[in-house]
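If you want the building blocks of each chain, they are given just below.
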Amino acid sequence: MAELLSMSGIDKAFAGVSALSGASLEIAPGEVHALIGQNGAGKSTLIKILTGVYRRDGGVVTFGGKDSVINSPREAQAAGIATIYQELNLVPLRSVTENVMMGYEPKRLGVFINWREAHRRTREILARFGIDIDVRAPLGSYSTAIQQLVAIARAVSLDARLVIMDEPTSSLDASEVEVLFGVVKGLREAGVSVLYVSHFLDELFEICDRVTTMRDGRTVDCRDIAGSTKLELIAAMLGRDADDIEQAGMTEFSGGTAGADLGEVLLTAENVTTGPRLTDFDMTLHRGEIIGLGGLLGAGRTEAARAIFGVDRLTGGRINVKGEASGLETPSAAIEAGFGYLTEDRKAEGIIPDMSVRENLTLALLPKLTKNGQIDRARERELVAHYIKALGIKTANMEQPIRELSGGNQQKVLLARWLAIDPDVLILDEPTRGVDVGAKREIQAIIRDSVAKGVGVILISSEFEEIVEGADRIIVLNEGRIVTELTNPGITEDALVRALAHTEGQAA
Amino acid sequence: MSTQDTELGARPTKTFEWGPFLRTNGGLVALAVILLFNIIVTPNFLQMQTLFVNISQVATIAIVAMGMTLVIATGGIDLSVGAIMALSGAMAPLIFMSEFGQANPALGITAAIVVPLIAALACGLFNGILVANLKVQPIIATLILFISGRGIAQVLTNGNLQTFSNPSFSYLGTGKVLGLPFQGWLAIAIACVLFWVMSRTIFGRYVLAVGGNERAAELSGGPVKRVKIGVYMICGVLSGLAGLIVVAINSASDAARNGNLMELDAIAAAVVGGALLQGGRAPIFGAILGAVIIQLVKYTLLANGVEDEVALIAKAIIILAAVYLQMARKE
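Chains A and B supply the protein sequences, listed in that same order.
With this note's numbering as the guide, the letters of the first sequence map in order to residues 2 to 509.
With this note's numbering as the guide, the letters of the second sequence map in order to residues 9 to 339.
Hints are not guaranteed to be accurate.
Unchecked claim - Quick list of the computed label-pair ranges, beta carbon to beta carbon:
#1 Glu405/A <-> Ser106/B: 56 to 64 Å
#2 Val18/A <-> Phe203/B: 32 to 40 Å
#3 Ala40/B <-> Cys223/A: 50 to 58 Å
#4 Ser106/B <-> Glu325/A: 51 to 59 Å
#5 Val18/A <-> Val49/B: 42 to 50 Å
#6 Ala322/B <-> Pro93/A: 33 to 41 Å
#7 Trp204/B <-> Ala334/A: 49 to 57 Å
I should point out that these hints are in silico values taken from the structure, not numbers from a laboratory.
Glycine included, C-beta positions come from ideal geometry on N, C-alpha and C.
Go ahead and model the full structure; you've got the sequences and the hints to work with.
Next comes the structure, spelled out in structure tokens:
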């Protein structure tokens, strides 16, 4: 079969540091092709060369049988390569029609936009994806999933032959993912190729045909996904043996070992309510225990975390900290009481991008590092050096801006931000989202170690294996209410899925 | 860049790269260019008199620009600085020329400095509360005092020009220390203190954190509201001080003119000095450099007989160039 896209021997170096050496990628027409690899493996660099953001140092790219001369994202679009970025590049305040038609509006007399025709065409384009929405409404009034689908619809309406999707499901819930997969399958049937980049390996088995694995700037593996196992993919990404990993378990966790000898009660929540998205939430957290919060996107897991940490104001219920009735009014009061909260959205609520690793790491600890308003810089540097070493944070030095670090290393810095305050309670919302497999296991190990030291952890994760293997107990939420509680040992992914499915059934 | 070596493929590796150099040192290069231009073109530029005039003029811009830099570092902006200058400037002569002030000269001068500064601080507090607690957009919040502050100053003085002769008070604007204008030293001293605050204290760190990512700063326990109120208060009190200096230089207080268009000079100086309008960066000495550049451009045009109106256009071009270099730096 003639390939639609063929990249081979691609080299790229930034300021003398090699990012790609001899990387290759081949995509057939109408194929859904997965691209996987740890952060820093070279996936984004390869894509950026393909879409004309970067110029390659060496190698050959052919697209549609011809040598490709794409020098800018604009030229890539004209050639039929469309990219759907993690951060959508649409205009939320403008209508759906305006977003879909932007730059290609049907005109009357060559000047005035023919709105009737524009709305009609937009509806037609969206209908092909099974989306039926009011195209006059602002795009921002729809869910992220719909917005993403609109972006895809726009790309396809511009006669894309290759659609690149970078982590398309990272902010979607299960039902939205299904819709997205339907669209991807539709693209395949229409003969459009899809390059699918994702950290969620389970998804790949559902919709991809082939998978290319990258490691350290090279293409190390390309195989049909049928007949492969998840373990083999992970092994290829890590460059390790599949059997080794099997013996060690999929995660670094072993929940349910806390057993009967639970430590002191750190926190109790009774009937905590902050609004319709969290109602009558109860829990008791002990020292050395991990409580998992299970549920789908929007089930109230993050809301529970925010209520406990003093971000959202309680409209009902009580939170007792170490037996004292002291609802935490603000995050700084929560930190004072020994709470840490690793937020779900690393970019929007976690890192301060232009600040250094050092300044990011000590942000929560700052009041304790300060005497008479002046920061003890010697102690600060000492602490930061300690955590960079202890957590294996890969950074040139502690003054490097955090935005230059990979996702996994940024997450480690944020984890260190909370470990540094010597917390009693750690609330971890998706601690391993968007980080590569290697860093994921390291982060899990860090969490496990702090639990062993007596920290109580509230763990929120969309990855079932993480929460099933990690948590001593799982509180399952649906639409802001607790529906059931599962206790380890004995929880299986199956049992968790059944608990979630059961709640779905009740809600319907 | 180099035209001698145009062989394709043989990219000269030793060529000096102007782009990155200009992006990081644009301000200093601009300063050098302006100085060179003046030495060649402007008559009598290399005279002590020129230095005195420029230092005494630049000090007020620099002092206000430093306050503005802190506000901008939190992602805000303060349009009321000029009006606060007018207000504090109008209050001072009223106090030391009052019966009480003339009966107790020492106390009168002290009050004439302290009371206007307290008023300026209160103006900053007002701005800060609007921005931090009531979540009013900074540009709108400070527009209130931008309009009403000067109005209050004019009401206080009945719209009259107040002239006076008071050597002690005038020292603020005409005194000399080690042969250089007093207010120049004052600006340097303030810069040193603020630099220390920004680099060594928890307040400085929080200012940059709030500007860099407000949500993250709050979730990490940063006192976002207090920090914002703090920077507006600092900006207010520095504006008040600048207002007093202007009045001292002129031995007259004109509520209609004092600090007029200062907000633009201060914002321009801060931006030229490297402050990012979206926040997260507070180059204190950059603000001084920016103020010097703005002042020298004004001076150059004036000394060469170019009209005031043209000077405004020149200022606009400088701001444009500074913002362009910033965008290039951000990629």
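Now the hints, each set against the structure:
A beta carbon spacing of about 60 Å between Glu405/A and Ser106/B agrees with the range 56 to 64 Å that was offered as a hint. Restraint check, Val18/A to Phe203/B: a C-beta distance of roughly 34 Å satisfies the suggested window 32 to 40 Å. The hint said 50 to 58 Å for the Cβ distance between Ala40/B and Cys223/A, and at roughly 56 Å that hint holds. For the hinted restraint 51 to 59 Å between Ser106/B and Glu325/A, the CB-CB distance of approximately 57 Å keeps it satisfied.
Here the CB-CB span from Val18/A to Val49/B is close to 47 Å, well matched to the stated 42 to 50 Å. Take Ala322/B and Pro93/A: their Cβ atoms lie about 39 Å apart, and the range 33 to 41 Å holds. Range check, Trp204/B to Ala334/A: about 30 Å between beta-carbon atoms, so the 49 to 57 Å window is missed.
The structure does not agree with numbered hint 7 stated previously, though it agrees with all others.
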